[in-house]
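Student: Please construct the entire structure, taking both the sequences and the accompanying hints into account.
Which chain is which? The protein sequence lines are A and B, in order.
Heads up: the first sequence runs through residues 388 to 804, numbered per the working numbering.
Heads up: the second sequence runs through residues 388 to 804, numbered per the working numbering.
Keep in mind that the hints were calculated from the coordinates and are not lab data.
It cannot be assumed that every hint is accurate.
Given that identical chains are not distinguished, each listed pair holds provided it fits within a single copy or across any two copies.
Computed cross-link-like contacts, DSSO-like style, restricted to lysine-lysine with a CA-CA straight-line distance of at most 30 Å [unchecked claim]:
1) K750 x K562
2) K682 x K709
3) K562 x K494
4) K474 x K750
5) K622 x K610
6) K415 x K599
7) K475 x K682
8) K682 x K750
9) K599 x K544
10) K599 x K487
Computed from a predicted structure; not experimentally measured.
There are 2 protein chains.
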Amino acid sequence: MKAEILAVGTELLMGQITNTNAQYISQKLNSIGIDVYYHSVVGDNSGRLKESLLNALNRCDLVIMAGGLGPTQDDLTKETVADVLEKKLVLHEESLERIKLFFDRMKREMTDNNIKQAYLPEGCTVIENNNGTAPGCIVEKDAKIVVMLPGPPKEMKPMLDDTVIPYLEQKSGYKTVSKYLRVFGIGESQLEDRIMDLVDAQKEVTIATYAKEGQVTVRLTTKCKTYEEAIFKIKPVEEEIAGRLGDNLYSTEDEELEYVASKLLIEHGITISLAESCTGGMIASRLTDVPGISKVFNRGIVSYSNEAKMENLSVSPETLEKYGAVSRQTAIEMAEGVRKTAKTDLGISVTGIAGPDGGTDQKPVGLVYVALADKSGCDCRELRLTGNRDRIRNMTTLYVFDMIRRYVLGAVRINKE
Amino acid sequence: MKAEILAVGTELLMGQITNTNAQYISQKLNSIGIDVYYHSVVGDNSGRLKESLLNALNRCDLVIMAGGLGPTQDDLTKETVADVLEKKLVLHEESLERIKLFFDRMKREMTDNNIKQAYLPEGCTVIENNNGTAPGCIVEKDAKIVVMLPGPPKEMKPMLDDTVIPYLEQKSGYKTVSKYLRVFGIGESQLEDRIMDLVDAQKEVTIATYAKEGQVTVRLTTKCKTYEEAIFKIKPVEEEIAGRLGDNLYSTEDEELEYVASKLLIEHGITISLAESCTGGMIASRLTDVPGISKVFNRGIVSYSNEAKMENLSVSPETLEKYGAVSRQTAIEMAEGVRKTAKTDLGISVTGIAGPDGGTDQKPVGLVYVALADKSGCDCRELRLTGNRDRIRNMTTLYVFDMIRRYVLGAVRINKE
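Tutor: Structural data, given as structure tokens:
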């Protein structure tokens with residue numbers, strides 16, 4: 388099945404917002420084996436919208452439209468689809484009730500305009516909207532399918548996930564299931580090298596890799612009659628790849644590295660404190676993104692000055708004098724210092740040169756030391772990072788979360804032995 | 388002039404990346420008075436690319452293409468444009484030299500494939516690429532203009548800004564100039580109310596507003612023969628709006644609030660320390676995004692535990708016992724405590740309930756105290772924020788930066804009097 392995603396809204400053409408809906412819908416369609424051939428965006432203009440829809444129907448079997456379902460005169464999606472597919476718009480009582488209820492809950496007055504939102508093409512499948520007033524719908528005619536969804540992502544996404552994707556899957560008679568293996572510590576091309584033979588030999592389970600700064604995701608996808616059958620088919624491929632990735636694999640559930648590391652700390656009740664210099668609070672900030680972290684996170688010290696390193700972390704003046712703030716010795720004293728003051732199981736430190744200024748020949752921009760102290764000692768690593776200030780800070784932060792993850796998993800393994 | 392932005396790349400249709408280029412190019416074209424009528428995306432497929440280009444040329448005067456200029460067989464943009472416009476591809480010696488130089492600088496081997504990148508349609512205007520190997524170009528035929536740019540944003544953006552936009556401006560004989568007024572502390576609809584009469588009366592200077600979480604931007608745009616003339620026209624409108632926005636206006640240069648506040652601290656040499664609880668390092672992290680902040684930022688304490696509040700910030704056990712960690716009294720002691728230890732001009736603190744758990748009837752999720760201490764006392768504010776954990780943390784962070792900005796400006800004003 389060939390698909391086109393047709394977004395409607397002048398705000399997209401003005402550059403006021405990015406068309407993130409197209410990416411989201413593309414991922415979902417691809418994951419159930421539907422090929423997306425085109426994205427297009429058109430403004431709130433009746434003539435151009437009609438022309439774009441005709442064009443899409445001419446070259447694709449499935450057109451997913453997002454936007455233009457609002458209550459105003461500018462919102463023309465349903466009217467245009469009804470016109471092109473020669474369907475009447477009829478009042479859908481249930482949707483009208485839902486819209487009324489929505490306004491009641493929000494304690495706002497419903498306007499006559501909103502009644503327009505309950506008019507839908509005759510014979511369509513209605514898609515409930517639990518996060519807004521505009522219902523969506525699926526219309527079929529002559530082997531073509533048109534899906535209409537509202538533009539705001541928080542309304543569109545659940546409607547796509549809960550109704551449209553299952554509908555399309557049912558039409559095909561197949562269920563498409565994907566597993567995501569998330570990897571840190573090896574690059575995309577290195578990863579591809581390791582699994583090249585599997586990629587070349589892929590048959591029923593397709594293997595795709597995606598990279599973003601410092602992280603790679605491997606997606607395994609297959610199509611079966613049932614979910615269980617799909618998982619059964621994916622399992623051996625997943626296990627083979629997992630074996631090759633070793634401990635670079637940090638999640639088989641498509642989770643962020645920060646989340647995985649933080650959850651491990653919480654689950655195992657391992658308390659932690661942080662001493663950050665060049666990351667300037669970024670590690671603490673991402674750690675505290677995770678609800679429930681207060682059970683194990685005691686404190687973070689952003690020691691931007693030497694005084695802070697001495698006063699809050701007990702780094703000795705001699706160390707700072709002799710080796711400098713960016714040194715292995717300082718990193719170790721920072722980690723041990725914060726661990727001791729905070730009385731936590733782990734103390735973690737970062738000191739480095741994020742740039743753009745402050746680099747020297749001996750200590751260039753991108754030189755970073757990270758250290759992890761526990762009751763039995765301190766593990767300190769030297770990183771040589773490239774890129775700008777943002778990238779150096781972000782890569783350091785990811786590295787620390789990976790260090791935490793490896794530490795907890797290692798500690799758990801030792802405890803079990 | 389009607390424009391279409393045609394992005395080329397299967398990775399967009401697979402949902403691997405978002406089409407941020409379309410938004411960026413749209414903003415730039417709109418800012419020089421060119422109307423964008425369509426966005427489209429097509430994969431690395433010769434037939435479909437040709438069809439999409441013909442379609443675009445049929446309905447628009449200007450087509451800006453991004454992507455498909457790489458060295459591989461998949462990259463078909465130039466070949467397709469040359470075919471459609473009936474132009475030959477000829478070797479551009481200067482571009483070949485630049486590509487060779489690029490590989491020398493990166494200390495990488497140049498492949499034969501890269502020579503293909505130096506072939507460009509005859510008679511085109513070449514656009515230099517200082518951040519990659521693919522040159523771009525502008526081709527004109529029969530009153531139609533086709534612009535080809537590489538896909539990676541860090542290559543595309545400077546090429547668009549430095550060559551394409553001036554080229555298009557020169558063609559029109561006009562210069563379009565925009566000024567951006569950035570506002571914190573009032574919502575978009577409230578702002579629109581305040582300037583409604585100006586919006587209704589807009590003639591030569593157009594006024595548009597954009598909102599993002601907690602912040603609003605007002606764009607003023609006009610078209611003139613010269614830059615100076617445009618600024619002269621914008622000035623009275625800018626001054627009128629600035630007067631109505633008062634101290635809610637934090638930048639007339641389209642800068643981020645965090646950047647404005649941090650720069651003010653650096654410029655005036657006002658030293659600062661932070662004590663963060665619910666923001667968990669987010670304020671420190673954004674402050675240290677700004678290069679040069681180490682001159683004034685001494686330290687941050689992420690006091691997630693009561694022990695940290697007592698040990699690092701000298702909050703008294705009685706205060707914590709009597710009023711709780713989330714209270715006006717604790718916020719004040721945190722701000723004064725960190726200021727005293729760090730010996731800085733300012734001490735700033737945050738304590739609150741970011742959720743999703745931890746709220747009570749007396750202290751609901753979203754209750755946050757922020758305090759700013761200086762040598763003469765402490766200013767503490769109670770915030771009642773709505774939304775999820777992310778929004779509460781982000782809004783608190785913005786609020787603190789706004790507080791810093793207002794403080795520095797107030798202090799500067801007092802010193803001057």
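Student: Evaluate each hint against the coordinates.
Tutor: Right, here's what the structure says about each hint:
Taking CA atoms no more than 30 Å apart as the test, K750 paired with K562 passes in neither setting, with 55 Å inside one copy and 46 Å between copies. In this assembly of identical chains, the alpha carbons of K682 and K709 lie at most 30 Å apart only when taken from different copies (22 Å versus 38 Å within one copy). Within a single copy, K562 and K494 get their C-alpha atoms no closer than 41 Å, and across copies no closer than 48 Å, so neither meets the 30 Å cut-off. Proximity of K474 to K750 under the C-alpha cut-off of 30 Å is found in neither arrangement, the shortest distances being 71 Å within a copy and 53 Å between copies.
Proximity of K622 and K610 under a CA criterion of 30 Å is satisfied intra-copy only: 13 Å inside one chain copy versus 62 Å between copies. For the homomeric pair K415 and K599, the shortest alpha-carbon distances inside one copy (19 Å) and between copies (27 Å) are both at most 30 Å. Taking identical chains as interchangeable, the C-alpha atoms of K475 and K682 are never at most 30 Å apart, the minima being 57 Å within one chain and 68 Å between chains. Taking the closest pair of Cα atoms, K682 and K750 come within 30 Å of each other only across two copies (19 Å); inside a single copy the shortest separation is 38 Å, beyond that limit.
In this assembly of identical chains, K599 and K544 lie within 30 Å of each other by CA distance both inside one copy and across copies; the values are 22 Å within and 20 Å between. Only between protomers do K599 and K487 lie at most 30 Å apart by alpha-carbon distance; the minimum there is 28 Å, versus 43 Å within a single protomer.
Checked against the numbered hints above, the structure breaks hints 1, 3, 4, 7 and satisfies the rest.
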